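Asks: Between the sequences and the hints, there should be enough to build the whole structure, so can you do that?
Here is how the chains run, residue by residue.
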Amino acid sequence: MPVLKADFGACQGYANCVAGAPDAYDIDDDGTVVLLKERIGAEDLPRLQEAARSCPVSALTIEDA
Amino acid sequence: MSTTVVVGSSVAGVRTAQALRTEGYDGRVVLVGAEPGPPYDKPPLSKQFLSGARQAHEVTLLTAQEAHLARIELRLGSAARCLDVAARRLRLADGAELAYDTCVIATGAAARPSPWPVRSGLHVVRTLADSAALRADLLRGGPVVVVGGGFVGAEVAATARGLGCAVTVVDPLPVPMGRLLGPEVGAHFTALHERHGVATRFGTGVEAVTGESGRLRVALTDKTVLPAATVVVGIGAVPNDRWLAGSGLLLDDGVVCDEFCRAVGTGDVYAAGDVARWYHPGHGTRVRVEHWTNAVDQAALVARNITRPEHPQPYAPVPYVWSDQYDWKIQIAGTPADATRHTVVGRLSGGTARGGALYGDDSGRLCAAVTVNWPRALVECRRLLAGQAPFDTALDRVDRLAARAAGRPGATR
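So the protein sequences, as listed, match chains A and B.
Each residue of the first sequence is one higher than the one before, counting from 1 in full-length UniProt numbering.
Each residue of the second sequence is one higher than the one before, counting from 1 in full-length UniProt numbering.
Some hints could be false.
Claimed, not checked - Listed next, the stretches of chain B that the computed footprint assigns to chain A, with coverage defined by at least 3 CB atoms under 8 angstroms from CB atoms of chain A:
1. 16 to 28
2. 295 to 301
3. 369 to 376
4. 379 to 386
It is worth saying that the hints were derived from the structure and are not from the lab.
Remember, predicted model here, so these are calculated numbers, not experimental data.
Using N, Cα and C, we set each Cβ at its ideal position, and we do this for glycine too.
Replies: Written out as structure tokens, the structure reads:
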């Protein structure tokens, strides 16, 4: 099952991920990404992969677990 | 097996190729790029790459290995020369011809060239080589004059200042950022330069640049002359669509597309990113957008529409752009040009600035927002914009965020 990962130190709060997948990503008061879920279903993978790739600093990845 | 040829190794081109695989496209994917090196990301060229904080390999968008794993065939180092839409063939500068079933034009935009013919020391910033050459000149020291107070000019000024250069920014507009954000909010961006020791000569044009690297002279319309070791010209960009003249595609400051990002008059040619001028159903007109996020979003949509042509989706994004200048993270969403009123929330001055401005249109809706050092509020505004929220509702939400951040209800405005 694919797992969402984030490099919290790299995150700059650009928030493209939130626009692309508001069910999976949010931004906290300090401007850092929050993962709203960890494991995702295969049917969500294309959409979440595109949301992850919309990060300007490549802080988001999706790994196979 | 069908073949999609993506023309341009811009972020739009790379992301289209990747998104085709993500969407399950099973044919050949060929990515054509004019530059010989691996595709790279452009936002760092005026910031982290220019400052030296990031090296060339750290701005790569797609390595050879990643391309191999995604079955993306890289055809780098040869520019596209002409497109034969009827025969579905693309010819490259090296003479090679590629046959395609679907073509995506993602050739981006080029820096608007400097109108002043100077042999050395004058730079634009658009490619990795541009940024590396500018960095070498900045490291030699001496005063820097930046022509253009928009995003690229302001970011280069901030980076050059960070490298210890004496910097002056020149722009013919009295408040350069005021054109986009209105004079009141725009004035805070002028103050940002001045607070960091960068001189501004706004409301003044450039008449001529003469001399050579290390000994340049920038003559202004007010008859003063600025000596400069290095001059940077950031006066906009022009779409790379000239190679398509004669292709039969409709060109008008970019490739003219329908709401599905298909080049009008074709069924198998798409465009994405800076080069695309598409019909935006939300605005009711054709627009061309030069922002990174638009390139990425448009690439994903084009890949979807190629993969599922029986259910094409229209492309109607809320515009979003960011800029990092000095100690400010600036984020803008929506269309401030539509505004008839605005309200400032929080603080837009000083080193600990954290605030924004909300813009409303004449229908009473939120039409845009700008935030400084406040990503949380920008996220909220992007949601509100997507939902076409009333201005007053949006203001109330952002006020509450400000109060929560300050821990003092109602104390921020």
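Asks: I'd like to know which numbered hints this structure contradicts. Please list them from smallest to largest.
Replies: Checked against the structure, no hint fails, so every one of them is satisfied.
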